Amino acid sequence: MEEVDKILIHALKQVGTEVSEETDSVRQFSSEMIVEAVVRCIRVINPGLGSALPTSLPPGMSARFRVGMSLAQACQDIGYKGEIGYQTFLYSNEPEIRSLLMFLVEKLPRESAEASDQPTGKSMVLQRAIAAAIRAQLAVPWLPTNCRLPLHAETQSPETLHSFHAQPLSLPYCTKGAGKKQLKEMTAYQRHILPPVTAQPSHYASVVASIMEQHAAELSAAQEWDTEWNSQGLLSRLTPQEYRSRKMARLRKRIEEQLHSASLPSPDSSFGGPRSTSDLSELLQTFRGSAPSDHILSKGTHFTHTQKFTFTQVRTSAAVTSPVPTGRHSEGDIQLRHQEELASLQLQFQGLCSDVDQLTVLDELKQRVLGNSEKEEKMQVKKKTITLLPDADNNLLKLQALVEASAKRVVNLASQWEKHRAPLIDEHRRLKEICSNQDLESSRKLSEIKSLHDKIRVSTEEAKKKEEIYKQLVTELESLPQDVSRSAYTQRILEIVSNIKKQKEEITKILSDTKELQKEINSLTGKLDRTFAVTDELVFKDAKKDESVRKSYKYLAALHENCNHLIQTIEDTGTILREIRDLEEQIETENSNKTVANLERILDDYKAIRQENSALAAKVREG
Amino acid sequence: MMPVSLRCPRLSPPRLHTLHQLIRHMVLSCKMELSESVQRGLQSLANQSFFDQSSFQVLIDVSFRSVLSSHADPGVLDQPKLKPIDQILLKQSHYALTTFILEAVKHNADQSTISSCLEDLTFGPERIETFYSTYQKHNKELKHLLASIGKRPPQIHDVSWRLNHQLKNEQVDKVNEPFYLISLNTKNEGSSEDINFTCTVEQLQDLVGKLKDAAKIVEKASQM
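Sequence order for the protein chains is A and B. Last residue of the first sequence: 623 in the numbering used here, with the numbers rising by one and none dropped. Last residue of the second sequence: 224 in the numbering used here, with the numbers rising by one and none dropped.
These are calculated hints, taken from the structure and not from any lab test. All figures in this text were calculated on a predicted structure; none of them were measured in a lab. The C-beta atom is built at its ideal place from N, Cα and C for all residues, glycine as well. Don't take each hint at face value.
[Unchecked claim] Distance ranges between label pairs, derived from CB positions:
1) P54/A / N164/B: 34 to 44 Å
2) K594/A / D213/B: 25 to 35 Å
3) L143/A / K106/B: 45 to 55 Å
4) N164/B / M102/A: 34 to 44 Å
5) S112/B / K594/A: 53 to 63 Å
6) K107/A / N196/B: 50 to 60 Å
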């Protein structure tokens, strides 16, 4: 029973009942404790039922009675089959309470056990840590400001706080990696001038924030690159550097297009935004300047040239017009400026006109020069034919021979070319095949790599998860109370089981013994009956003839009857003995039920109720 | 993982390199994520040929000091022991070390996490021990430092109250109600402010009830 009680008390403590350290069996439970334990259990099992019940007994007797009744009702609602009433709580006896508590503890939901089986992940661990921190802070008593010790400084005294203010940091680059390309001045600056990172922010409070911000930015950039590289970069079959440069070119082109499309309409809308367009054009220029590998852009050079041209124009005019909106000027001023503007514009226009004129003249000149050279060539051919004309036949023959020779040579060359071509083509085909093979191979490898990446990711995630679970379990194990030793319980249970087995064996032995005895008795009685019947018959036969035999027959009958009586009495004493034993047992259980004490208590309570009633009646009369 | 990556030897070297990096990155990210530059800085710090034991110790001390000190000292790395080391390398390692310290404190890293993290970065056990002992020494201050970033509502420091009795006002001739005048003295970052209000008994009870509820909720949160 002790073990059972320990388990019960442990479970009750977990539910939240306050059980003092000394109590180690249900016998020591007072009525108050029983009520509290039962109510807490009911609250856990069925919050709706339990919330209406008080955890402590009220002082008034009638109120106590009512609490007992409602508790009994609640227990029956939960499904307790045993005998229960207000007396169970108010006038407790050990076995009843034990059975009730066992029933309730068994009914307790096993949430906590199941929750530990299911991994709830990092957040659970974090929440637990938070709970532990709050607990620790709650354990520290609050003190007025003047009495505070450094111990409380963390949680209670308001110190100065800084907002999270990050500043960009300049980091020295690694000499191993990108350092080869770096400028000498840059390295010199980094070596001698650049202050260490902790000295860079202007205010010491932002040192920590800046460093953490910098690190987070680096991490997220690396992560983004990773995901992009895995999703797109690998498929493009480029080295990372190539991929990067291509992407940069693409981006630059896109930006440029956007800027162009944004800047194009602005010159048309007169002086709508002269400042911004000039800024834009400057931006475009810088783009052009900083783009060393702009093969794509070279196509649009003509366009950009004209663009530049118009932009510079606009800019000069903008320089003139910009003072307009700056303030209020007199009409004359404005007119004057307009005239100036007009003059300058006219000047420009004239200049442009002359430019255009010059351009057309130049074009003409070029065309004429071209025409001249063509004509000169034609003339030379004609000159040659004219010199050949006088000796026409001879020259014709010579020419034919020449033509034939050249034709032969062409055929010869063609055959030679064929000779060379065939192996070359073969070679080409072979190489092509190899190429495609390699392509196939590489794509296969690529897919392999991809699957490998996926595998790596999955397994790292798994490892992460497992590690977390492990950590969580370790913390749980640490937080578990150490007083319940599982092995002891199991040992105990095994002992009990073996005991029960032994007892069972004994019982079966006794049962078989009794059966045998019963059998023996039965056979004996049968034998007795038979012998008696035989003797009875024999003696009865003789008794008719002989007087003494008749007497002996009478004696026999009497003897038989007496023996029967004896047996009956023996059996009766057996049953009586058994009854006595039963009664003794009953007495014992009644004794253990504290009946006398409970009766006394009932009497007292009855008196208390009567007193209450009389007091109430007196009050009513007074009122 | 390794044998599989060896099975495709035709891979171009840079790609293989990134694969290894990826693996390393993923393995590392199980614990505390460190960026590439920080990892490199720490690796060079672990390298015996760059930093010998004494200069390592000095740099660790200097890094903790530079994070914790309330004034930014540009000459913090001007130590006689650190003179022979390349200044760029030194600055890198300093940045890496300060970042590592702050990240470790941010994650509330314990000894096993720190040592496994540093082992991955080729630190020897002796150096890990050196780092950890210094880290332990400054742990509280560093936590304090990180906790000092943020905002906090004003805190109540004192309460003064007065129970008044209202006899009448312009609307009602006979009020006869008690009411409380309450003044909460609050402080926030040195500046103090008084919050004054009046309330009836019921309102005060309501306020007290709300406060009790709040306390209960905090207690509940502590019993996870």
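Okay, the hints, checked on the actual structure:
Checked against the hint of 34 to 44 Å, the C-beta distance between P54/A and N164/B comes to roughly 38 Å, which is consistent with it. Taking the beta carbon of each, K594/A and D213/B are about 43 Å apart, not inside 25 to 35 Å as hinted. One distance hint, 45 to 55 Å for the beta-carbon pair L143/A and K106/B, is violated here, with the actual separation near 30 Å. Hint check: N164/B to M102/A, Cβ distance near 60 Å, so the stated range 34 to 44 Å is violated.
Taken as a hint, the range 53 to 63 Å holds for the pair S112/B and K594/A, whose Cβ atoms sit roughly 57 Å apart. One distance hint, 50 to 60 Å for the beta-carbon pair K107/A and N196/B, holds here, with the actual separation near 54 Å.
When the structure is compared with the earlier hints, violations turn up for hints 2, 3 and 4 and for no others.
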